[in-house]
Structure formats: C-alpha cells, structure tokens
Amino acid sequence: MIDALLHALPLVFAPMNILAMFIGLIAGLIVGCLPGLTVVTGLAVLIPLTFGLDPMFALGMMAGMYNGGSYGGAIPAILMRVPGTPASVATVLDGYKMTQKGQAAYALQVALLSGVIGSVLSSISLILLSPPLVSFSLMFGPIEYFWLGILGLATVSSLLGDDLPKGLIACGIGLLIGAVGQDISNGTERFTFGQLDLLDGFSAIVLLTGLFAVPPVLQIIEEAVKTGMSGDKLKLHRQGSALSQWRFFTPVWIRSSIIGIIIGILPGAGGSMSSFLAYNEAKRVARHPETFGHGNPEGVAASECGNGADNAASLIPALALGIPGSGVAAVILGGLLVHGLRPGPQLFREHPDIVYGFMLQFLVTSFLLAIVGGLAATRIFGQVLRLPRIVLAPVILLFVTVGVYSVNNSLFDLWVLLGVGLIGYVLERLDYPSAPIVLGLLLGPMIESQLRLALTISGGKTTALLSTPIAVTLALLSAAILLAPAWRMWRERGKTPVIEGAESR
Amino acid sequence: MKPLSIVAALGTALLLTAAGAPARADYPDKPIEMIVAFAPGGGTDVAARSIARYMEKYLGPGARIGVVNKPGAGGEIGWTSVAQGKADGYTIGFINAPAINALVVEGKTKFKMSDFQPVANLVYDPGVLVVPKNSPYSSLKDLVDAAKKASGAVVIGTSGASGSSEHIALLNFQRLADTKFTPAFFGGTAPVRQAVLGGHVPAATMNLSEALQIAREGTIKVIGVMSAERSSYLPDAPTFREGGYDVVVGASRGIAAPKGIPADVIAKLEKAIDQALKDPEYLDAAKKAEIPLQYLASSDFKTFLDRASTDLQATWKATPWK
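Protein chains in written order, with the working numbering: chain A, 21 to 525; chain B, 610 to 931.
For the record, the hints were derived by calculation from the structure and aren't laboratory data.
Treat the hints with care, since some could be wrong.
Covered by chain A, per the in silico footprint, the following chain B stretches (three or more residues, Cβ under 8 Å) [claimed, not checked]:
#1 675 to 685
#2 777 to 789
#3 799 to 807
Where is the CB? At the ideal position from N, CA and C, for every residue including glycine.
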C-alpha cells in the first residue's frame, strides 16, 4: 500500500491534476451553496464531459466537487438559514443563530475548519481501512437498517426544543408526509389523490428547501415592512479564530468524525443522518445542552464535521465492493466505470496507482478546501450579508426557485415549495421546531421499508428483529437516547431546586 | 417552449463546441430536447448524456441536444411528456421497456404505446438471478426444489418495486416452474446487492450489468441469465432457457419521439444514433463501462416493443402484479 501511495504521489501533484482539483472544488462550492442544486447534479453533468480525459484529471475534479459541495452547503445555511444541501440542515440550527448574534464570520470559520477536519480524517480512513471496513458494512441487512433508522429517529428527543408536545407533533407531521406515495411492496397509492406527481411521494429536497428557505424570506419581508431595512447584526468583522480554540473543539471533532465515518461506510444512510447524529451526540455530552439551538458553535462544528467525515468514507463500500454508500458515491461509481475502473477488490490490485491516487486526491482536496474556502469563499460569500435584507429576500427566493425547478424540471415542485414554505412559516410563528419534521420525513420511509423487508425475509417472525448482536446494540442505544432526557430530569429533581429561568442565558 | 433547466442549459453550454449554430434551413436548426424520465446520475441519464454528445457530432454542425431530466412515478412523468410533446423532432426521449409497457398494461397511464414513434434502441441489459457464493443453491433447479418443498419459503430480493421488470420476470419464472417464491422489494440496486453479498437474502434478481463486477470476483454466483443466449460479458453463466425455463426479460433503453414526426427526421435521428454507436471513442467508453449495447433500428425497435406489450398482457391476465 505504501508503495502504491508513493507511486500515486507524482500523479496527484501533476500540475494539470492540481488544476482539476481546484476546478472541481470551486464547482462544488457553487452547486453546494445553491439550494436545490446538489453535488449529485453537478457530478452527473460533469462525468460525461470527462470521457476523453485522463482518469486522474477526471477523478480529481470529482473528489474536489464532493469535498467542495459538502462545505458549500453550510454557507447559505449559516448566512441565510437556507441549507444548501440536505446534509447542512443541522448546521442551520446553531449556525443561523450565530449569524443573528453577529458571529457570521466565526460560524463560517468553525464550519469550514470542522468540515475540513472531518473530511481529512475520512480520507485517511478511506486510505487505511477500505478492505477491513467493507466486511463490517456487509453485516448490515434490513434488520440492522431498521434499527439504524430508529436510532436516527430517537435523536429527535434532543431536537424537540423547549416544548415537548410541539416537537412530537412536528415529528408526526414529518412521518405523515413521508408516508405519501406508492408503497413499493404492493403498489398501493397513499394520499396521492390520483396525482401522478405524488406517486413517488414528496421530493425530500423540495420539502427541505420549502421548509427552511421560504419562511426566513417571508420573515425578512415582514420585518422590512414593519421596521424598514436593518443591517445592524450583519457585520462581518473579525471574531475570534476557530483554529486557536482547537482544544475546545477537539472532542466534538473526534466524536463527530467517528460518527460520520461509520454512517458513511453504511450504504444508504447518507450525509444528513451523519450530521444529525453528530449534532445529537455533541448536545448529549455537552455540559450545557440547553445552549444548543441558540447559537452554540459546537453545534455547527458537530454537524459540519459529521457531514465532512461522511464524504470519503461513503466511497469505501463503493470502491471495495461496488456498492455506493450515497447518491454522490453512486454517481462517482458511474464515473469510475466510464474510465474502465471496475470497483471491487481487484481494483486495488489492477490499478493501485489510480485508486490510491483518487484517495489521495480526497485528502488533498480537503486541504485545498481549507485554503480556497478560508481565503476566498468565506470572504466572498460573507459579503452577501452586507446586502440590505430587503434586497436579500428576493435573491434568496430566486435562487431557491431556480434550484428547486432544476431538481425534477417540474412546475408541481414549485407549488409544493410555495405551499410548504407557507405552512413552514405558520409553524414557525407558532413555535413548532422544523428539525423533527425533517427527521420524520427522511427516516419514516426508511424505517418502514426496512421493517417490511426484515419481516418478509424472516417469514413474519418479529423475534428476528433482535436476532443479531448489531440489532440488539442499536436497539439499546436508541432506548438510551430516548430515555436520557427523562433520566436527567428525574435525577435533577432530587437536587436543590433550581428556580425556573435563573440559569438561562 | 419550456425553459431548459439549468442542468440542461449548463450541459448544453459546456457541450457546445466552437462557433454557434449556423442558420440552417433543415433539421436540426434549434436545440433538441432529450427527455430522461429518471434522475441525473442514473443508468438511463448517463446513457443519454453520453450518446447525446456523439449524436450532436453526427447530426451535423451546430446540432445541440439538451438532456432534460423529468423523473418521477417510475418514469411515467417523463414518458408522458415525451408522448405529449410536439412531433417536430425537437422533443425526443428515452423509453425503457418493459417498464413502460408494464405501466400501459396496468391501464392507468395517459399515453398508449402507439403514442410513441420508436427511433432506435441502444441498450439491452438482461435480468439475472444471483445467489451468495456460499449458497446451498447452485442452479435454478435447486432453488425450484427448495421452493416446492415449502411454498413461499424461498425469498428472492428484487431491486425494483412491485410491477418492475424483475418482479414480472419472477412471476413468469414461478408460473413456468409451478411453484411460489416470496419477493422482497428493495427498491434499488445498491441495497439488494448489499443484501445478497451479506447473505441477508438467499437469492436476488438484478440486471446483468449490475451483477458483472461482483460475479467476476466470485462473491456471488449467477445461476440464470434471462436472455436467449449467454452473454459475452459473462460466458460461464447459464441462461434460464438452458435450465428449462423460457424466461427472457431484460431492461432496454431506446430513443423514441412523439408519434407523427416526419419520416425524414426519424431517418436522420436513426442514422445519427447508428453512427454515434459506431464511433470508436464512444465504443471504447461503452466497452470500458461494460454497457450492453444493442442497436435496433426504428422498425426492429417497434417489433421489439410490440412483443414486450403482448407478453405483458398475457402475464397481467394470469397474475396481475398490482
């Protein structure tokens, strides 16, 4: 392996290939920060163009785009409360609150640094651990995925916000929306009202954009009408350096990276799950969990680090087995095939220089991201905040509309965007948290289909659900996460009573 | 005209070579919209975006093709817009048999197969039945015997949903073998591949191209290919016919236009596709990616589609899949 790595080095650092990584990175930043446009779309357009090119050039662009896109999503999430990609939804929770407090530059810096650290560790795991980790991912069948979904849903307990019933209602809304569409096992249509456009259910990316991008626009408009323009909190002065606080962030980074890498290796779980689980874990172990969701930089760090750590790791099963761990990995797999690189164990034997070169490109683009993102992107995009908010609102709306239309080229999706946006606005004014809705609608379908598969395969025996050690472990973890808040409350009841509100901000 | 999506626009812009389109009196003198009924990055999308480049080359200088993804409802949304498109040659699209025929046979679509003018078929990817490498079953007969011993006890994972070509193939197989399997719908290729590799299901169906890599490594065994003859990509794998079950099912990808487009336009498109498929650069890429190319000219493609519809009607009568 060391040999192959050394052989790959000159390939990776050839001037043309460095250029390729830069191009990919910048393109990734752009598609990532436009809501609706995802890295998958960017790659799908890119790959056919790389047909006649040198494989390392093409792969360098892909690696750059993947890493760039993953940080790109955080930029609008922090600055405008609009997640650029589904994986940056958890970043919104604390990132936008930091912007409101006037800490936008700091939040972007934390997000960038955390994302870079996550993707560096992820790239290293890809290089070192590919073959052994593959056998781990194969141990996950429908039973294990069912419990993984339950575990994800259990993290809802930490996202509920201050009002328990409202949080649970929000989660229920998400589950209900997730149920719309055709049942793949028997073809029954649910809540489709005969509409062709609803047969596949609502598109998650359209819903997320509607839920997160439209309400802030409406709010900006509302405030602008009421109070006129205000640029008070939107100043981009230097505020602290995330790098100098590495001691403070290191525990969060380590935990989030481990979570991101594990979720990345498991095919099908995806980046948004990594960031949510990492966020939840950071909040769970925090000394002051109540500060999460109110602009705690650790929340941004956890979410972005988990998201970054998901990237390279999701290629482990893709490269070693041909099983893509995410939508992006699936497209990259197609890109590899176009260049005659057939994924699987033999790939490491037949083209070691290219495989290890590709892995190194992931590592290198992670570092390049730190430079490009830190020097240019953050400053350029930060200027967005200098725009008067009344100008910002229609600009956001424009980007969102174009982005959402380009997902499916469907006018129906635009109506969904508008409708969901209005509903989201109302829910927000009524203090319903939006994060539980997202978890419900993303995980509900996964839990349902995996449960049905597990029961079909076991012949209907429910005891099969706890028949493997992984399943039991995941079930216990879920129970622990669900019961933790209750346990904490029960324990604190015994202590000296705290006067309500006395220790809050 | 509907605005092109950014994706298509971006793609077209990037694909444009040298000078802009000169004003030509004859076809094509404006961009052609190529509708793909699946999301970007999928098999059909990759096929479309790659062939589009070479079709432009052979359609004449300045010809432009914009790939527009209209995914949803198992392809029905995109196919509906092909069927309802203007029959002037500037709207074409990929149709995937037998999935499209199955939708029509179910009788809920807004289009009929006769609403399409077949132009040319490009890809034919036969279905396969696979088992994990350490499986107790080494042939179709083993699997059928096990199913006969305990009806419905043998679970077969499928990558499609209920009513997909693989599900229909499975229905045909169990009808011919006079037994019953239990299908488990994974809804995607990656999950079913993982499930069969990890031994979570005893057997699975997928398309040949999706099974090739892992079959060559020996981590799974292909016990039956649903094509008339053995595949050149995997010559050791027996066909279903050899096992005594006449199951011939596969996923095809071809280009069609709305019915009624002028005959000379069909001929032009047909010729461009044929030439593109023979382009050494394209052939090389397709061979490397192991895309099972199968060119059928317009009339042969139509015969092929008609046959698929007739077969499906018979299956629907015997065992409706929904």
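These are the hints, each one checked on the structure:
Given a C-beta distance limit of less than 8 Å, the hint that chain A covers the stretch 675 to 685 of chain B holds, as 8 residues qualify and 3 suffice. For a cut-off of 8 Å, the count of residues in the stretch 777 to 789 of chain B with a CB near a CB of chain A stands at 0, and the three-residue condition is violated. With 7 residues having a beta carbon nearer than 8 Å to a beta carbon of chain A, the stretch 799 to 807 of chain B meets the requirement of three or more and the stated coverage holds.
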